[in-house]
Amino acid sequence: MKISVTVTLKKDVLDPQGKVVSQTIQNMNYKNVTNVRQGKYFEIELNESNKDKAKKIIDEICKKLLTNVVIEDYTINFK
Amino acid sequence: MKSTVIVFPGSNCDRDAAIALNKFNFKNSMIWHNESSLPKTDLVVLPGGFSFGDYLRTGCIASKSLIINDVVQHAKKGGLVLGICNGFQILLETGLLQGTLLRNKKLRFISKNVYLKVTNNENSFCNNYKKNKIIELPIAHNEGNYFANKGILKDLEQKNLIAFKYCNIKGDFNEDSNPNGSLHNIAGILNVEKNILGMMPHPERLIDSILSGEDGSALFESLHKFK
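Read top to bottom, the protein sequences are chains Z and U. Take the first sequence: its letter number 55 is residue 54 in numbering that gives the first Met the number 0, and every next letter is one higher. Take the second sequence: its letter number 37 is residue 36 in numbering that gives the first Met the number 0, and every next letter is one higher.
Bear in mind the hints are in silico, worked out from the structure with no lab data behind them. Among the hints, a few may not be true.
Unchecked claim - Straight-line distance between alpha carbons at most 25 Å, and here's what the computed PhoX-like set of lysine-lysine pairs gives:
1. U:K132 <-> Z:K10
2. Z:K10 <-> U:K104
3. Z:K10 <-> U:K149
The whole structure should be built from the sequences, with the hints applied where relevant.
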């Protein structure tokens with residue numbers, strides 16, 4: 000099964016890269032863009048057909064490796 | 000006294016650390032990250048560099064290395080652990096120290112000498128510095144912007160776990176004397192038991208007058224009083 004994970008910075012964590020991207024987009028004259036937050040995206044292929052089991056495994060991987068829980072949140076999506 | 004420097008793919012201050020340790024009479028060994036156990040040692044040094052190319056997050060992949068299990072055991076038994084620069088990032092990823100290091104506030108790699116105040120000298124790493132002494136050490140990093148939630152910050156201040164803070168030559172803490180945006184100007188922190196120190200500046204690079212300064216020497220001299 001294919002699963003994707005999106006990792007984003009928590010709301011109250013400063014995101015200087017996102018800020019620069021946001022500023023650049025505005026400089027390109029897209030004035031209605033008000034904010035950008037930069038994150039990471041993972042595509043994971045997993046040998047497991049049970050969705051609940053898969054979610055549990057991916058959840059563990061997210062907590063142990065893919066995110067730094069101090070500053071990042073994650074969402075898991077099934078394809 | 001015995002020391003061990005852990006070498007990861009991408010470490011680049013491992014030999015500097017070894018030279019410093021040898022100069023201060025440590026019997027040092029270099030251990031590859033894929034070894035499963037540490038030799039008998041008093042001090043473990045996690046050196047600076049770009050372990051595993053800084054993939055995923057700085058220090059993250061290194062914190063899952065085989066040898067780290069034994070480093071954690073060594074630390075939990077009260078053994079000394081010093082993490083410098085990338086080593087500090089690894090310590091935070093292992094959870095041995097609290098908080099994290101974000102990208103520098105101005106998004107630039109910074110390589111320059113900075114002033115630091117020794118805010119806690121009552122520990123194995125800093126006892127040869129006078130309290131509140133202002134020293135000069137080099138920094139060279141892209142992710143040195145210390146961040147932690149309010150609870151952790153309060154804990155660090157109240158329990159006196161901040162070893163070094165960025166300051167100016169007069170010792171003032173302000174935005175101008177903070178090179179990377181670190182909260183509370185934090186440059187180095189200890190764990191509660193004070194046997195683990197993580198710091199962004201490089202004491203191993205200033206241990207000889209021919210290297211333009213010796214402000215790092217006292218840290219290595221301090222460690223000898225540990226026994």
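Kindly indicate which numbered hints from before are broken by the structure, ordering the numbers from low to high. 1
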